[in-house]
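Residue numbers (the working numbering): 49 to 336.
Please note: incorrect hints may appear among the correct ones.
Here are the computed distance ranges between Cβ atoms for each label pair [stated by the list, open to error]:
#, residue 1, residue 2, range
1, R326, D123, 26 to 34 Å
2, A105, R329, 20 to 28 Å
3, E155, G330, 18 to 26 Å
4, A221, A108, 21 to 29 Å
5, D61, D122, 48 to 56 Å
6, R326, A131, 19 to 27 Å
7, L156, D136, 13 to 21 Å
8, D122, A188, 18 to 26 Å
9, D123, L327, 23 to 31 Å
10, E229, A307, 45 to 53 Å
11, E286, R326, 44 to 52 Å
12, R180, R329, 42 to 50 Å
13, E229, E287, 30 to 38 Å
These are computed hints drawn from the structure, not numbers from a lab. Even for Gly, the Cβ is constructed at its ideal location relative to N, Cα and C.
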Amino acid sequence: MSIEGRIGPPRFDGANVLLTGAGSGIGRALALEFAQAGAHVAATDVDDESAAETARAVRAAGGVARSYALDVTDDAWWSAVVARVERDLGPIDVLASNAGSSSSRRELTELSVEYLRWLFDVNVLGAVRGIRAVVPGMRARGRGSVLFTGSMAGLWVGRGGADYSATKHALLAVADSLRNEVAGDGVRVSILCPSAVPTRLAETTRSRAVEPAAVPDPTRAAEMATLVAETGGMVSAEEVARISLEGLRDGRFYIFTHAGSGTRFLERSAEIARELARLDRGSAVDTG
């Protein structure tokens, strides 16, 4: 595997990439970007036809790709797919853990525990299963990269986004923990933190979370439009993929994609800093 060069496009010549959630959106854009950079792509998705469409698009653009059906919530499926990918392409150099679902845009009191369990199983435990299936081999070989698709929602919380934000906060903890655990083993870890990207994930998530008839809500739609405008606007999946590979090449842990999207996180950090300072002042008075 070659990941080289700080001038020009990042190169991943001959790297084998296992990409989850490759059937559309950021996943498909990542597949095409990795292939353009010289990687061999194992495009996986729970929808096997969408994964196949992505692989065909990569091959049509002159790249190397195979497709595989993968439900990231199934341990046995993970084991089988990893074995097939390594048989077909060779050892996995990059795990791009991208599969996930978006926010239902409903408040917590409107959501069932069953739905929340499903969302955590996909967004968090799906990534953990990927780590368990792929990272031991990377550590044994002394090289590899893991890219998680997180979100700016993993750094702050907006109204009506508690379900998604909770999973992305948890995913950030998983990624940061993995970074510490593999330090010195030749495995690099990055987490992609985009804001608004046009995909179909929100439709899928809402249909799972609530009855379809209950989904339309003009007030919340307006709130969402304001939120998008305040957090960097819409950035295309293709641009997010390009930035992702640059960050992965440079070995950055946090990969941000939307200018201005960190304002709410900085506000949260300032609030925490104020409260810690208050505690420190109180301790100084008590011990003075």
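Hint by hint, here is what the structure shows:
no. : hint                     : verdict
1   : R326 to D123: 26 to 34 Å : violated, 46 Å
2   : A105 to R329: 20 to 28 Å : violated, 59 Å
3   : E155 to G330: 18 to 26 Å : violated, 35 Å
4   : A221 to A108: 21 to 29 Å : violated, 39 Å
5   : D61 to D122: 48 to 56 Å  : violated, 32 Å
6   : R326 to A131: 19 to 27 Å : violated, 55 Å
7   : L156 to D136: 13 to 21 Å : violated, 43 Å
8   : D122 to A188: 18 to 26 Å : holds, 24 Å
9   : D123 to L327: 23 to 31 Å : violated, 43 Å
10  : E229 to A307: 45 to 53 Å : violated, 32 Å
11  : E286 to R326: 44 to 52 Å : holds, 46 Å
12  : R180 to R329: 42 to 50 Å : holds, 45 Å
13  : E229 to E287: 30 to 38 Å : holds, 31 Å
Violated hints for the displayed structure, listed by number in ascending order: 1, 2, 3, 4, 5, 6, 7, 9, 10.
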